[in-house]
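Number of protein chains: 2
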Amino acid sequence: MELEPILQQLMQALRCLPGVGQKSAQRMVFHLLERDREGAFNLAQSLAEAVDKIGHCQTCQTLSSTDICGLCDDQRRDQQLLCIVETPSDVLAINSAASYRGLYFVLNGRLSPLDGLGPADIGLDKLNARLEKGLIKEIILATNPTVEGEATAHYISEMAKKHQVKATRIAHGVPFGGELEYIDSGTLSHAFSGRNEV
Amino acid sequence: MELEPILQQLMQALRCLPGVGQKSAQRMVFHLLERDREGAFNLAQSLAEAVDKIGHCQTCQTLSSTDICGLCDDQRRDQQLLCIVETPSDVLAINSAASYRGLYFVLNGRLSPLDGLGPADIGLDKLNARLEKGLIKEIILATNPTVEGEATAHYISEMAKKHQVKATRIAHGVPFGGELEYIDSGTLSHAFSGRNEV
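Going line by line, the protein sequences match chains A and B.
Under my numbering, the first residue of the first sequence carries the number 1, and numbering increases by one thereafter.
Under my numbering, the first residue of the second sequence carries the number 1, and numbering increases by one thereafter.
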């Protein structure tokens, strides 16, 4: 027996979700159609609406349904601080955890010459124009501590230097509650080289 | 910052999928909108189509886009054998693994008086009518080996007896490749009580 083409197609479509393979997709199909048709209908609607309406903020490049996102539009935030992150989910993470009250700039990627991603592809021309205006006094580089993330941070810090804007990098070290014996060596060496006087 | 209402709604909608919680839903939202909009669009379409077009086969109650499903319609299958399973995914599992070539009947549940599920709710009236016709010579009870699955199997075997139809239950025991020391006691006692002469 082959599965109904419609079901097979749905199973295939579900596999675009991260972490969903053949078996989970099958489980989802049967769950949705047997037990939660309303949920499936909702999901279809929400997906279509999101794909249709969500674009990128013209100022900070995060996901937004409006030309200017709520964060960029919020005048209570510190207009002189700009935090550079790789993805919109980083914005969410920082916003829900840190007491940071400045603005954001989302690269939607990182410099990666091997993948053909140059400065313009991650919006660095836009960032450059923004720094040129002179409103930003400090940029906080919060790209991931990977080789490409570090290279991107370095590139942007050079750009900031050109415009006489202060550039800082978030601290990398032992995570809160982490135990030294279980921390990888890269993190440990970061923690040592980034040590502060107490 | 609150997340955009549209994104929040999508995140909520994704949680109807089995095994998807807050964090995975968030990851899915950003993955879909950042990296796979086409996949998201496809998924929305497939879901809507499946919800719209997939119903239940009038004969065997499995998920089907037609009134009579492909399995029930297949004249090459043994029309005298009927395998009773709980869900459409059981049909798929048996079909792709076993050499069974008879027909199926999908209960879409099991007898569960505590949840208010009686014989009519799982289509046993329909099954009764089918046994009455006299075409079926043997029913194979392949409900799950849970308390409710066993009770359902027992109920149906009594029904079969009334119509002079042979009822058999699939074997439960040590799975192929399983090691005795890791098998739970319930399975082991099933394996012993169901032993065969060699």
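By construction, these hints were calculated from the structure, which means they are not laboratory data.
There could be a bad hint or two in this list.
The list treats identical chains as one, so a pair stands whether inside a single copy or across any two.
Straight-line distance between alpha carbons at most 25 Å, and here's what the computed DMTMM-like set of lysine to aspartate or glutamate pairs gives [claimed, not checked]:
(1) Lys23 <-> Glu138
(2) Lys133 <-> Glu38
(3) Lys53 <-> Asp184
(4) Lys161 <-> Glu181
(5) Lys161 <-> Glu86
(6) Lys23 <-> Asp78
(7) Lys133 <-> Asp184
(8) Lys53 <-> Glu38
(9) Lys23 <-> Glu181
(10) Lys161 <-> Asp36
(11) Lys162 <-> Asp52
(12) Lys133 <-> Asp121
(13) Lys166 <-> Glu138
(14) Lys133 <-> Glu158
(15) Lys23 <-> Glu38
(16) Lys53 <-> Glu150
(17) Lys166 <-> Asp184
(18) Lys133 <-> Asp52
(19) Lys126 <-> Glu179
(20) Lys133 <-> Glu34
(21) Lys162 <-> Glu150
(22) Lys162 <-> Asp67
(23) Lys166 <-> Glu148
(24) Lys23 <-> Asp36
(25) Lys133 <-> Glu179
Note that the coordinates shown come from a computational prediction; the quantities given were computed from them, not determined experimentally.
Here's how the hints hold up against the structure:
1. Lys23 <-> Glu138: neither (48 Å within a copy, 31 Å between copies)
2. Lys133 <-> Glu38: Neither way: Lys133 and Glu38 sit 50 Å apart in one copy and 37 Å across, limit 25 Å.
3. Lys53 <-> Asp184: Answer is neither; intra-copy 42 Å and inter-copy 52 Å both fail.
4. Lys161 <-> Glu181: Classified as neither; 38 Å inside a copy, 67 Å across copies.
5. Lys161 <-> Glu86: Classified as within: same-chain Cα gap 20 Å, cross-chain 67 Å, threshold 25 Å.
6. Lys23 <-> Asp78: Neither, since 48 Å and 29 Å both go past 25 Å.
7. Lys133 <-> Asp184: neither (41 Å within a copy, 70 Å between copies)
8. Lys53 <-> Glu38: both (22 Å within a copy, 14 Å between copies)
9. Lys23 <-> Glu181: Intra 37 Å, inter 28 Å, cutoff 25 Å: neither.
10. Lys161 <-> Asp36: neither (55 Å within a copy, 36 Å between copies)
11. Lys162 <-> Asp52: Answer is neither: 39 Å inside a copy and 58 Å across each miss the 25 Å cutoff.
12. Lys133 <-> Asp121: The answer is within: 21 Å in one copy meets 25 Å, while 69 Å across copies does not.
13. Lys166 <-> Glu138: For Lys166 and Glu138, only the intra-copy Cα distance (5 Å) is at most 25 Å; the inter-copy one is 81 Å.
14. Lys133 <-> Glu158: For Lys133 and Glu158, the Cα distance is within 25 Å only inside one copy (17 Å; across copies 84 Å).
15. Lys23 <-> Glu38: both (22 Å within a copy, 22 Å between copies)
16. Lys53 <-> Glu150: neither (33 Å within a copy, 50 Å between copies)
17. Lys166 <-> Asp184: neither (31 Å within a copy, 64 Å between copies)
18. Lys133 <-> Asp52: neither (33 Å within a copy, 53 Å between copies)
19. Lys126 <-> Glu179: Neither way: Lys126 and Glu179 sit 41 Å apart in one copy and 62 Å across, limit 25 Å.
20. Lys133 <-> Glu34: neither (57 Å within a copy, 28 Å between copies)
21. Lys162 <-> Glu150: within (19 Å within a copy, 76 Å between copies)
22. Lys162 <-> Asp67: neither (29 Å within a copy, 71 Å between copies)
23. Lys166 <-> Glu148: Classified as within; 21 Å inside a copy, 68 Å across copies.
24. Lys23 <-> Asp36: For Lys23 and Asp36, both the intra-copy (18 Å) and inter-copy (21 Å) Cα distances are at most 25 Å.
25. Lys133 <-> Glu179: neither (44 Å within a copy, 71 Å between copies)
The structure shown violates the earlier hints numbered 1, 2, 3, 4, 6, 7, 9, 10, 11, 16, 17, 18, 19, 20, 22, 25.
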